[in-house]
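If you read the sequences in order, they're chains A and B. Residue numbers are given in our numbering: position 70 of the first sequence equals residue 70, and the series is strictly consecutive. Residue numbers are given in our numbering: position 59 of the second sequence equals residue 294, and the series is strictly consecutive.
Please note that a few of the clues may not be correct.
Computed cross-link-like contacts, EDC-like style, restricted to lysine to aspartate or glutamate with a CA-CA straight-line distance of at most 16 Å [said to hold, decoys possible]: (1) A:K6 with B:E309; (2) A:K11 with B:E336; (3) A:K99 with B:E309; (4) A:K6 with B:E336; (5) A:K11 with A:E83.
Chain B regions said to be covered by chain A (calculated; three or more residues, Cβ under 8 Å) [unchecked claim]: (6) 315–321; (7) 437–449.
Derived by calculation from the structure, the hints in this document are not laboratory data. Even for Gly, the Cβ is constructed at its ideal location relative to N, Cα and C.
Here is what each chain is made of, one letter per residue.
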Amino acid sequence: MFDLMKLELKKNNIRTYIISTFVISIIMLGFIYLLAYLPQFDPNDADLELFVGYNNIISLFSVINMTVFCVLSSVMYSRFVIEEYSGDRVLLLFSYPIKRRKIFISKLMIVSLFTVIAMVLCNFTIFAFFGVSETIYPLVNESITLETITKVIKTTFIMAVSAACLGIIAMGIGFIQKSIPATIISAFLLCSLLCNIVAGTLTSDAPVIVFLAITIIGAIIVSSIVMKKNSCMEV
Amino acid sequence: MTNGLAVKTIDLVKTFDGKEVIKNCNMTVHKGSIYGFLGANGAGKTTVFKMLIGLLIPNAGNIEILGLNRVDKENEILKNIGSIIETPMFYEHLSARENLEIHLSYMGILNSNIEGTLEMVGLKGTGKQPVSKFSLGMRQRLGIARAIIHNPQLLILDEPINGLDPVGIRQMRELFLELVKNHDMTILISSHILSEIEHIADTIGVIVDGQILEEVSLSSIKDKFLMD
Ligand SMILES: Nc1ncnc2c1ncn2[C@@H]1O[C@H](COP(=O)(O)OP(=O)(O)OP(=O)(O)O)[C@@H](O)[C@H]1O
Ligand SMILES: [Mg+2]
């Protein structure tokens with residue numbers, strides 16, 4: 001399996017996605033300052049209450065970053081899966097003495113791992129940078145406590161896993177439609193939809209856990225459907 | 236008896252959307268021979284080849300390859316097949332060499348003579364170029380290189396000389412003969428033009444509307460002529 005994953009890295013230029021992650025990190029770093037600064041535009045605006053305090057900033061930022069990484073993950077699936085299985089290259093891929101299921105799982109693993117690692121690193125770097133700058137020149141009228149840090153770690157991991165799982169679900173939709181736009185658009189729509197549902201409840205734990213569980217179960221169901229289709233696919 | 240056969244299909248049937256495209260196809264290919272598979276456009280050559288490799292699943296019938304049952308011994312068979320189906324596809328941003336390396340890894344072969352194989356197909360010195368820069372003829376040659384590099388016992392080539400110039404066609408013919416003679420390969424080669432394959436084939440199978448009408452051994456015809 002490890003060899004198959006290495007082959008996927010060789011076939012698809014992984015550097016592109018590493019560079020994308022850097023670019024995303026820089027843009028999102030700007031975004032977190034925007035979030036922190038928003039309430040100061042108009043301190044009397046009740047709508048801006050959503051952006052006050054570290055907890056709100058962490059939640060909002062992580063949800064939006066999840067959407068970004070989920071879309072990145074769907075772009076990777078477009079290349080690793082959709083393009084390869086809907087083009088003529090699949091004729092060759094299926095004529096190798098390796099179970100189709102194994103090749104497919106190696107693709108899922110490489111993209112999921114990349115998504116989780118990239119998003120965790122991106123989140124941590126940005127929060128660390130922001131945290132340090134807060135101690136020097138604070139924008140938020142609150143002090144950073146151990147609780148804040150735990151919240152960062154917890155939210156980051158939950159959102160990174162969600163991004164990977166939602167990416168898999170989007171890939172499944174794209175696979176059935178045999179379409180790259182369908183893959184990327186469904187990633188975006190899925191995230192927006194789920195974000196809207198959970199955004200208001202993000203400050204408490206229970207709904208987030210439920211949200212995570214649903215995306216994981218969804219990803220498992222979708223990947224087993226796609227794997228079954230893939231195993232008996234005629235090309 | 237089946238020991239001497241590279242391919243044996245028995246009453247193979249394939250239907251697409253209820254339409255019978257391949258009807259009771261019985262094909263017999265002897266080891267160490269070149270089998271020319273002749274048929275007009277749409278006769279069903281590609282469909283039969285895809286069933287041999289397992290890319291399509293027959294609706295009925297049986298396939299034996301190298302004496303093994305197609306369904307039971309899938310991986311063992313695939314290790315020993317090299318193929319080109321329709322136009323060969325590559326990873327365009329990678330070099331010829333990298334494409335072959337990837338192919339070898341999937342085949343489970345650690346070291347192989349990549350330069351030597353490229354030279355055999357007339358692509359000496361182009362191993363470092365990205366495939367996106369290759370001409371149609373060069374792609375076809377690289378496709379052949381990929382089909383033979385893991386030293387398979389059976390080569391399945393679907394119209395492999397499409398896009399080659401006359402010199403290239405002659406070179407590939409010589410290569411095919413040499414592969415059979417010196418590398419113990421069996422070659423199954425399809426074409427819609429008799430003159431393309433009659434010079435090299437030992438046997439010609441004619442497929443019309445999904446049915447093999449006749450399998451003619453050319454050597455037996457030649458013998459007959461000599462006797463007369
Ligand atoms: N996936 C498919 N779905 C429906 N019909 C198909 C499919 N693949 C092939 N056919 C039909 O099967 C018939 C045989 O096609 P095939 O590609 O095997 O012919 P061929 O002998 O290889 O022709 P050519 O010389 O043009 O390559 C054609 O009538 C084609 O329309
Ligand atoms: Mg064809």
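Compare the structure with the hints numbered earlier in the document and write down the numbers of the violated ones, lowest to highest.
-> 1, 7
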